[in-house]
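**Q** Going down the list, the protein sequences come from chains A and B.
Residue numbers for the first sequence follow the numbering used here, so the first one is 69 and each next one is one higher.
Residue numbers for the second sequence follow the numbering used here, so the first one is 2 and each next one is one higher.
Not one of these hints is a red herring.
Estimated spans, in silico, between C-beta atoms of each pair: (1) R183(B) / C131(A): 57 to 65 Å; (2) S210(A) / N19(B): 25 to 33 Å; (3) T99(A) / N19(B): 51 to 59 Å; (4) S81(A) / S163(B): 37 to 45 Å.
No lab work stands behind these hints, which were simulated from the structure alone.
Keep in mind it's a predicted model, so treat the numbers as computed, not measured.
Every residue gets a Cβ at the ideal spot worked out from N, C-alpha and C, and that includes glycine.
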Amino acid sequence: MSDNRDIIVKNLSYTYPDGTPALKDVCFEITKGENVALVGQNGAGKSTLLLHLNGVIENNNGCITIVGKQLDKKNVPDIRKKVGVVFQDPDDQLFMSTVFDDVAFGPINMGFSEETVKERVKKSLQKVGLSGFEERCPHHLSFGEKKRISVATVLSMTPDILLLDEPTSNLDPGGRRNIIETLKTLDSTKIIASHDIESLLEICDNAILMDKGRVVATGRSEDILTDIELLNSHGLEAPSIVKMLGDDVIPLLRDNFDSSQIKRHEKTIKKAISKKRKKEIFCK
Amino acid sequence: MTHFDIDKYAYLKSPFHNFDPRAKVLCFLLLIFSIVLLNDIRVLLIAFISTIILVLISKIPLLFILKRFKWVALFIFAVLVVLPFTVPGENAFYIGFLSVSHSGILLATRVSLKAFSVMLLIFPMLSTMKFVIFIKTLEHFKIPDKLVQMISFIYRYIFVVSNEFQRTLRSVSSRNVGKKTRIFRHHILSNIIGMTLVRSYERGERIRIAMLSRGYNGNMKTLNSFRMTKKDLIKCSIIIIWSISLHVIVLTKILDLARVVNSV
Ligand SMILES: Nc1ncnc2c1ncn2[C@@H]1O[C@H](COP(=O)(O)OP(=O)(O)O)[C@@H](O)[C@H]1O
Ligand SMILES: [Mg+2]
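Model the full assembly from the supplied sequences, consistent with the hints where possible.
**A** Structure, rendered in structure tokens:
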């Protein structure tokens, strides 16, 4: 069996102890280096699914394989080293009193030497563009900074797989842009659960659409995340044309929309893209 | 929003600011014990004056200290007022029909000198470093890990929780018009407190998950880079010698000697 598959989930079902069904017969596979968007309305089961993938939720109802290892009780410590999770609320993620201690927490628990830990902290902070923040306290950071430090706390463990739960929620446009650019530079396998379809289009190759605990569609993110009907029927909203104007969407734009539609938004489009790109679209 | 700001002046520069935290805490604890054990009122006075000198050296603004002193001062004041009247002994004088005893006055002075000295010493000890460093110092002293973790979490989350509480309070009070009976208000307040507790519990659960995800296995290790230098040793020696000297003064009765010599 060829194994460049990082994550295999088979027939995963889960019901919370209080009886809330959260996952129903979930199946999917993710290959190495793939960036996957996990979309679905609130309560669809995205967070629950992510918690399964690093063994925080114990569940025998289904089968999860991470980087060739089946997830079970004795594998959990190993798998947690391979799978980094960035939770939605940075105040949950950053539980230590200084940024340094927080970013060092994972590597220290992994048993690295002092030197290695320091180096890892430095590198991770560099990657999220916050070098020099080592001695700061989390309660004196802006929300956007906290989010990026949260990513760094996981990067310092150099995971093969990165799970992010709503990385762009509650951020102002600048903070959101920062996080998106940071995520784009990371080359690990990623699953990003989010409602921010626009940013997912920018980062992700593939998408998984969930509704009420089930996977209802999988495919290329350009297909899934721009399918207005599909998204609407599951309580989500496709981005407007203008919102889609990331670099890779432009060819798609040309294929999917006729010139009258593009003309209608001409003004905004012109503003949004460079002259060269403009020629490509309008001189068809 | 009020902030926990005992380490507000940790950025200043003074001989205590660049003192190795472990040595600093140990030395000051020794000095505090030494002062608490003193009984001679004259030596206590000397100790008190030396304490003030230490505070001045630490450059912590006096106003900052005085503000934090309010409540302690109130307590000491209460002791001061009560003791002279209640401790039995030779009468010094009368206020109205109440007799004030000599030994009462002495005791009150002793107690307040000790209390003020100890309180003052907290500042050159704790306010000259970041609170985080203090937590690490505790960790270093092999204080039980669980206790250190608890202090550390309290420090980290006290604002988060109090913010949550205030947010709920605001949202409730902005919607609450009309009915303002006392019982109704108590009802609302208890609701808000309950809600904050539930939220904190849920947050605790989420934090536990976040910790587990990053390999938490029961102990919370951090790196610390404490280093003793020659200067630290010198500072240590001075404080230790001073702590001992205070008792040497008492034991050798130097102060009495002076009086004897004078009278001769
Ligand atoms: N700790 C919990 N206990 C009980 N039910 C929960 C818990 N967490 C989530 N749920 C329920 O599980 C379902 C899926 O939730 P979640 O995975 O958080 O969805 P999403 O992240 O997609 O918004 C929801 O119906 C939610 O109410
Ligand atoms: Mg969620």
